[in-house]
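Residue numbers (my numbering), protein chains in the order written: chain A, 1 to 510; chain B, 1001 to 1418.
Keep in mind the hints are simulated off the structure, nothing from the lab.
Watch out, some of these pointers could steer you wrong.
What the hints assert, rightly or not - Facing chain B, according to a computed beta carbon distance under 8 Å, are these residues of chain A, among others:
(1) 37
(2) 173
(3) 175
(4) 300
(5) 423
What the hints assert, rightly or not - Quick list of in silico lysine-lysine cross-link-like pairs, DSS-like style, CA-CA up to 27 Å:
(6) A/224 with A/3
(7) B/1036 with A/397
(8) B/1036 with A/295
(9) A/424 with B/1282
(10) B/1291 with A/224
All figures in this text were calculated on a predicted structure; none of them were measured in a lab.
Where a beta carbon is used, it is the ideal one built from N, C-alpha and C, also for glycine.
Each chain, written out:
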Amino acid sequence: MSKKFDVVVIGSGLGGLCAALECLRAGKKVLLVEQHNLPGGFASSFTRGRFEFEPSLHELPNTRTESTTSGVVRYLMEVAELRIDFLSIPEAYRLILTDQNLDACLPFGVDDFIKAIEKEVPGSTPAVTNFMNLCKEVQNAFNALEGSGKRVPIIQTIKKYTNFIRTGSATVKQVANALNMPKKALDMIYPYWCYLGVPASRMSFSIWAALLDTYISAGALIPKFRSHEIACAFLEKIYELGGTVQFNSKVTSIQVHEGQVAGVILANGEIIQSKQVISNTSPTNLFNNLVSPKKEVPRKAYANINTRKHGLSLFVVYLGLNASKEELGLNEYSYFISPHMDTERLYTSTYNINTDEIMQASICLNAANPGCSPEGTTILSITAGFHAEAWEKISAKEYFKTKDRIAKKLIQQFEKATNTDIFKHIEEIEIATPETFARYTGAYNGIVYGYEPEPWDGIVPRVLAQDKENYIEGIQFCGGFSYRCHGYGSSVMSGKAAAERTCAKMEGAS
Amino acid sequence: MKVVIRNTLVDTLSFLNHTRKRNRLFARALDIPMPKGIMNILSASLHPTRQDMVIQSIIEETADTKTYRLVMSDTEKRPAFFRSGQYISCAFHVGESTASRPFSLSSTPGQALDEGFYDITIRKTDQGFVSKYVYDMWKTGTQVLCTAPTGDFYYQELRDSRNIVCLAGGSGVTPFKSIIPDILIDYSDMQVILFHGAVLADQFIFSDYFKSLHEDNPSQFTYIPVCSDPTTAAAADWQGESGLISVSLIKKVLKSTVPEKDLEACTLFISGPPAMEEYLEKELSKTTIQKRRIRTESSESQKSKIEKENSASVPTVTHSLIVHMNTHTHTIKAQGNETVLVALERAGLNPPSLCRSGTCGWCRSRLLSGTVVKAPHSQGTRSADDKFGYFHPCSEFPTSDVEIYIPDDPINNREEKG
Chain A
1 MSKKFDVVVI GSGLGGLCAA LECLRAGKKV LLVEQHNLPG GFASSFTRGR
51 FEFEPSLHEL PNTRTESTTS GVVRYLMEVA ELRIDFLSIP EAYRLILTDQ
101 NLDACLPFGV DDFIKAIEKE VPGSTPAVTN FMNLCKEVQN AFNALEGSGK
151 RVPIIQTIKK YTNFIRTGSA TVKQVANALN MPKKALDMIY PYWCYLGVPA
201 SRMSFSIWAA LLDTYISAGA LIPKFRSHEI ACAFLEKIYE LGGTVQFNSK
251 VTSIQVHEGQ VAGVILANGE IIQSKQVISN TSPTNLFNNL VSPKKEVPRK
301 AYANINTRKH GLSLFVVYLG LNASKEELGL NEYSYFISPH MDTERLYTST
351 YNINTDEIMQ ASICLNAANP GCSPEGTTIL SITAGFHAEA WEKISAKEYF
401 KTKDRIAKKL IQQFEKATNT DIFKHIEEIE IATPETFARY TGAYNGIVYG
451 YEPEPWDGIV PRVLAQDKEN YIEGIQFCGG FSYRCHGYGS SVMSGKAAAE
501 RTCAKMEGAS
Chain B
1001 MKVVIRNTLV DTLSFLNHTR KRNRLFARAL DIPMPKGIMN ILSASLHPTR
1051 QDMVIQSIIE ETADTKTYRL VMSDTEKRPA FFRSGQYISC AFHVGESTAS
1101 RPFSLSSTPG QALDEGFYDI TIRKTDQGFV SKYVYDMWKT GTQVLCTAPT
1151 GDFYYQELRD SRNIVCLAGG SGVTPFKSII PDILIDYSDM QVILFHGAVL
1201 ADQFIFSDYF KSLHEDNPSQ FTYIPVCSDP TTAAAADWQG ESGLISVSLI
1251 KKVLKSTVPE KDLEACTLFI SGPPAMEEYL EKELSKTTIQ KRRIRTESSE
1301 SQKSKIEKEN SASVPTVTHS LIVHMNTHTH TIKAQGNETV LVALERAGLN
1351 PPSLCRSGTC GWCRSRLLSG TVVKAPHSQG TRSADDKFGY FHPCSEFPTS
1401 DVEIYIPDDP INNREEKG
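Isolated chain A (complex conformation) (with noise of 0.2 Å):
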């Protein structure tokens, strides 16, 4: 006998558990499968010792400021109601360019952010204001599409954001280039980057310019207990809402009949019937993988998923130091370190974990969390970017080794520009690669970054492609890899956004 649902969502990242949770909250009855134990994905912890470290959040942007009426803190308290507890995070971060020797610290809040860049550089307000000033239209123009009704078209939204337009198809660097933007303030400004993982030639200005307004000017949260606290707060409000929820389980085909989704089959061989499926996984593993019979899959899916660059992994070494913050002599929360900020060679980079070129990001997390370890102790995680293609030559027999060498060059370089002791505090140290997101998370070469948002491939341009490229009836994306590019404030965003696309779908059949 097989069970009906009105909706499966496959995976509970945070798109997933959005995507169950709003089409829940619609009424629906719903299925979602999880291959792991916990739920979240990247969105997790984990304990080593008496330390219980944070796998991948570094920050949330604070859209619950007066001046935003949008974004996901602000749907995540108010409108799903989740039980979470935020704490600020102190500034925006620390820049040290080692071989540039710049170390300057830079604060949330726009007008702070300009006069940190004009102690540095002399001169440059003028230049960062406008900047700073076109980066606020264009999120102001996305705040619009998210508030604007589904009948309205986008054009007629946003046509009155004229920048928005002008600087719809340009690149961070044309921008850039543009408005006079003296080399040194770019360096400053540019260490978000990579949140994005594309260089600034290559960067959709106006996703660059939402993210950086976002941040700079309403700050940055962080969950209590982790990111995996946002993972149960969400679970707890499906179990309410009546979801059924199976962990360890797997969604080993999609059953499709003549371009439509007529159910999926579970890895312990149940038989799930649905005409609904929202998928967390990407559209790279559900194309290649999931569609069954495979001659359901349409050859431009294939094309699609063939053309998009696949973003990058990361490497990330955990770190629970026997000393506290203070004695280890760790000010802030968030520390960009890197030789330069030229994007572009530091893009390469990621192709070669040989590399000594590296930006890293690291998060020092008692600095905004001052209860997250015990009295006297710290934790600090270090990440740094790489593509899976970088781990191609290495085999099972070389990984554990090529793990530690990379942890080991990325300490030494945090310990150098921050002039810190951190070998000889180590108390657990745990080291993730792409290998181990993909172990984790089943996603597709361990990517944590979906699709890189390239100009044609930026939000817009997905959003304006997504009836075209809805190859299969009753499937919609959610997740990293979908319209809303990565990161945790998008995948969550994207799952409620698959949701509405879903239930609206449901009702245009009935």
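Since the structure of chain A is already known, use the hints to place chain B on it.
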């Protein structure tokens, strides 16, 4: 402000040109499936969900200890690579019950890779129904369902000292037969001392192996068997160290082997029964050695510690346990002095479990109603899990009737499917 990149008209139009570019790129692209991701392939080889193995041979180590050599049932395959010191978990069906047990690998990662086998070494204990089952039922050719190797009890060069002191009690010596030779191959600058405590002189598992390892590496490896009770007949001609492995004994040996290093400069690896661990904890508290220098293999000893402490402190009360597992619901009995996991296994429910000591989180379950209490010393629950009502059945005891939700074990899922 009006931003112009090229000219206003071109900028505005090119906004709409993305779609055209996108379609052009797709039209030119390969329209066939992509190859499997290289990281997914590596992941499947390093961390397979399950390994179907078969006993190739059995070696009698001592009167009550045997080593089982496992190879892959599919002779084309090799067992997964690992870090020396890690364990695998094996699944059992004993009568109506199901169970799993973690066993440290006593072979090296190189042997898995080059020769295709794992060794696990099991001592028959009076109270252990699994070890009795293994003794009676495991023969050459027996099929054994194993997990991939896992665990954190391994030498980590970025954290640990180049001077290692291994402290083993009884069958707790098994991971050291993997760790020590592996370290000696990889690091020519390291010093390793192994203290092995056992009750009787004839219980020193692997003593011939460690003696010859010392002969091959006299400057790098020292082997000190310590007989805890030299008055027994079996120890009549015992000439080595005796008593317990005390800090003064460790310091004495250190002084004669690496005089320039004091205890505080070494990393200690401890694997043994709870009594030994407790004794060492007391002993080491007299020194200034940092916590980071002490690595403890928690699985077996922590497990018995959990059971021992609780059976002593909690009266035997029977509770009713309502268990939701996937779509099935079972009502079973649970004793107040046994972990929820043991109750689930006795009922034959095949619950997920790996470390059985609270740390790995593989058995994580949701508490729907009732109360459970965590074993003292147990680490490893996530703070959000405490907040939202999740617990680890392997290290928590029921203190009332409880209703829980546990996920299926994916390893067993696939077993049922054949």
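Can you give the numbers of the hints that this structure goes against, from lowest to highest?
Of the numbered hints, 2 and 6 do not hold.
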